[in-house]
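Using the sequences and the accompanying hints, generate a full structural model.
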Amino acid sequence: MSVFFARIPRQKRLPLLLIAPGITYHSSFEYNCPRFARRHGAAADPGALQSKFVEAFSQMPPLVFPGLQGPVLLAAERDWWRALVRQVFGREMTGEVFERFFGDLFEAFRGSECWQLFPDTHGSLERLRAHGCRLGVISNFDSRLYDVLASLKIDSLLDYVVVSSRAGAAKPDPAIFQAALASAKVKAAEALHVGDSLRADVRGAQGAGLAAVLMDPQGKQPDVPGGWRVRSLSELCALLGA
121 MSVFFARIPR
131 QKRLPLLLIA
141 PGITYHSSFE
151 YNCPRFARRH
161 GAAADPGALQ
171 SKFVEAFSQM
181 PPLVFPGLQG
191 PVLLAAERDW
201 WRALVRQVFG
211 REMTGEVFER
221 FFGDLFEAFR
231 GSECWQLFPD
241 THGSLERLRA
251 HGCRLGVISN
261 FDSRLYDVLA
271 SLKIDSLLDY
281 VVVSSRAGAA
291 KPDPAIFQAA
301 LASAKVKAAE
311 ALHVGDSLRA
321 DVRGAQGAGL
331 AAVLMDPQGK
341 QPDVPGGWRV
351 RSLSELCALL
361 GA
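Taking this note's numbering, I'd label the letters of the sequence shown as residues 121 to 362.
Honestly, I wouldn't trust all of these hints.
Think about it this way: if two alpha-carbon atoms lie no more than 20 Å apart in a straight line, the pair counts; the simulated EDC-like pairs of lysine to aspartate or glutamate are [to be verified]:
| no. | residue 1 | residue 2 |
| --- | --- | --- |
| 1 | Lys-305 | Asp-279 |
| 2 | Lys-273 | Asp-240 |
| 3 | Lys-172 | Glu-219 |
| 4 | Lys-273 | Glu-246 |
| 5 | Lys-172 | Glu-212 |
| 6 | Lys-307 | Asp-293 |
| 7 | Lys-340 | Asp-316 |
| 8 | Lys-273 | Glu-233 |
| 9 | Lys-273 | Glu-227 |
| 10 | Lys-305 | Asp-336 |
| 11 | Lys-307 | Asp-279 |
| 12 | Lys-340 | Glu-355 |
Because the hints were derived from the structure by calculation, they are not lab data.
Have a look at this one:
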């Protein structure tokens, strides 16, 4: 902690705190996808689906669309997810059945039906704002994130939202962190990024010159060279003296 506050002096307010949305809310793919699949007449084993999803996701290109805007961007985002879900469910559903299933699933993940806030999210974000932090989100996601944050009623607590599909870069690419810094008009040394992925969040942020904190609720992640580890947003508040 002493190194952290040597870099961002404790007597000063932290100008910008960037967070990965996965540390504020969570979703269960292995629960929600089988639920929607059953609505469309397809049997689905949660464990098998999760394995398929992880494998298919790892093979997809980054969710980035440089230069696209408006309806063209939204269509590209939807097509990206359709390709991913088709890899997972391609044998179980085809044709119009798959399209109806995918449409329902895609829209459900736009709202609060498939997401749940962690218990300390609201209180912690309010404490951080009261401490003088401007808060921003960086996510490897698409334009639906704005609707997700609004449906969970945390959008008003955030000053900046940067999604990979619009930024043209995805974590751990330094470019997406630089886009967030440019939006906030702060230097990398004045910002801290918090996320639950050692590679995408911690190493990505460090590669862009930001200090980084790993959110590790279960304490199962390896050591964080040059970074810090917390188990909850409440612990993050304590780390920052909020």
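Holds or violated: Lys-307 to Asp-293, with C-alpha atoms at most 20 Å apart
holds, 17 Å
Hint check: Lys-273 vs Glu-227, CA-CA at most 20 Å. Holds or violated?
holds, 18 Å
Given pair status - Asp-279, Lys-305, alpha carbons within 20 Å:
holds, 12 Å
Below or equal to 20 Å on CA atoms is what counts here, so check Lys-340 against Glu-355.
holds, 16 Å
Pair hint outcome, Lys-340 versus Asp-316 [Cα-Cα no greater than 20 Å]
holds, 11 Å
If you draw a straight line from the CA of Lys-172 to the CA of Glu-212, is it 20 Å or shorter?
The hint holds at about 13 Å.
Below or equal to 20 Å on CA atoms is what counts here, so check Lys-307 against Asp-279.
Given pair Lys-307, Asp-279 holds - Cα atoms ~16 Å apart, limit 20 Å.
Would you mind confirming whether the straight-line C-alpha gap from Lys-273 to Glu-246 stays at or under 20 Å?
holds, 12 Å
Does Asp-240 sit within 20 Å of Lys-273, going by the straight-line distance between their CA atoms?
Given pair Lys-273, Asp-240 holds - Cα atoms ~14 Å apart, limit 20 Å.
Are Lys-273 and Glu-233 close enough, with their CA atoms no more than 20 Å apart?
Since the Cα atoms of Lys-273 and Glu-233 sit roughly 13 Å apart, the hinted pair holds (cutoff 20 Å).
Is the Cα-Cα distance between Lys-172 and Glu-219 20 Å or less?
Holds, at roughly 19 Å.
Under the criterion that the straight-line Cα-Cα distance not exceed 20 Å, is the pair Lys-305, Asp-336 satisfied?
violated, 29 Å
Comparing the model with each numbered hint stated earlier shows that hint 10 is the single one that does not hold.
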